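Peer 1: So you can see what is in the structure, the chains are spelled out below.
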Amino acid sequence: MTEVPNAGRVHQEPDAAANGATQLNGRSVDRGHAKDLFRRFVETRNPALREELVGLHLPLVEYLARRFRNRGEPLEDLVQVGTIGLLKAIDRFDLEREVEFSTYATPTIVGELKRHFRDKGWAVRVPRRLQELNLSLNKVVAELSQEIGRSPTIAEIATKAHLTEEEVLEGLDTSNAYAVVSLDAPAGGEDAPAVSEHIGAEDEGLEALEYRASLGPLIAGLPERERRILYLRFFGGMTQSQIAARLGISQMHVSRLLNRTLAVLREGLLEDEEIG
Amino acid sequence: MTSTVQLEIPASGAYLAVVRAAATGLAAQLQFTYEEIDDLRIAVDEACTQLLARRGSATTLNVAYHLNDAELRVDVSIEAPDRGDPLARDTFAWQILSAMTDEVREQAEAGRLGLSFRKAGGRG
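Same order as they appear, the protein sequences are chains P and A. FYI, the numbering for the first sequence is 1 to 276, going by our numbering. FYI, the numbering for the second sequence is 1001 to 1124, going by our numbering.
Simulated from the structure, these hints should not be mistaken for laboratory data. Just so you know, these numbers come straight off a predicted model, no measurement behind them. What you were told as hints is all true, and nothing was included just to trick you.
Cut-off 20 Å, straight-line C-alpha distance, at most; resulting in silico cross-link-like pairs (SDA-like, lysine to any residue):
| no. | chain 1 | residue 1 | chain 2 | residue 2 |
| --- | --- | --- | --- | --- |
| 1 | P | Lys114 | P | Tyr104 |
| 2 | P | Lys160 | A | Gly1025 |
| 3 | P | Lys114 | A | Ala1017 |
| 4 | P | Lys88 | P | Glu43 |
Model the full structure from these sequences, guided by the hints.
Peer 2: This is the structure:
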């Protein structure tokens, strides 16, 4: 089941695999350190430890994501999808199991990547046409919102983009099916001054939510920006555009983050089901 | 005048894309804005997911879209003998549904569990 990078791959993809291989072969990952982190994480469920574990195993995700890179999606996006798998594996990993974490995590990460492609429906590969459509819609929606001071209708988008409404709808369908959560949101580091400013009141709301909904660990595990968006949209009564303006990102970006976060939270409610 | 579109899908998460797509297409006809459509899709997903999570041995999920002027009402239901209230109001799911729509209701009657919500479009 588990594939570990070998010398052959290293030759094929020098930059790529070199990184992953060193890490995976245990030369630079201190296994004892990883085990210790896991032990502490299992006890405390401390998000900071979780983040450290993610960082430690990112090379594995990068390596696995590369196997899917010829399907028309940016590697960066695939790494983010794979990271969701990594997070799940980290959360479920049981130290009692006598397996290495990388062995345990690989099927989960690959499963997440496969599902990412399968979720797009019938096409395994994202047609370039749709990617381009999505990009141009992104731009048109942003421009129109600016012009008319509200979110545009499908008809308005179609007119402006010189597309049929059908095409716009197709793009809309695509936009979230292909969405990936950004796990690189700064978690309060030097890049994140804006995010931590008005946190106080919002955190109280979030705490209530976590308590009520028993979603505590799941929500606590979300990157800070995703948690904020979740709170502002569902409890703060702000629209996507308002949140976008506040966080300095586009409305469609907010939409993607929101949808992906919900997908993560719903995980486990339904089995991994396929048409048929 | 109200028009109704009905869907019956297997009680499986794999078919939610169909329910979403239908909602999207109908909302576009009612001149919903891009954001309103996105909210609607989130609500549809949430309602269906919550019912499917309670599906027991039910094999189908029914969705009815009622179009009335600029408003869409979506009824989602599943067969569920003796299953009581579909969704407590203090859950995150309920919060999502309320925030994304103008009104949400639960229905538990005649051996069916249902969620019904209304959303008006064209308000920017």
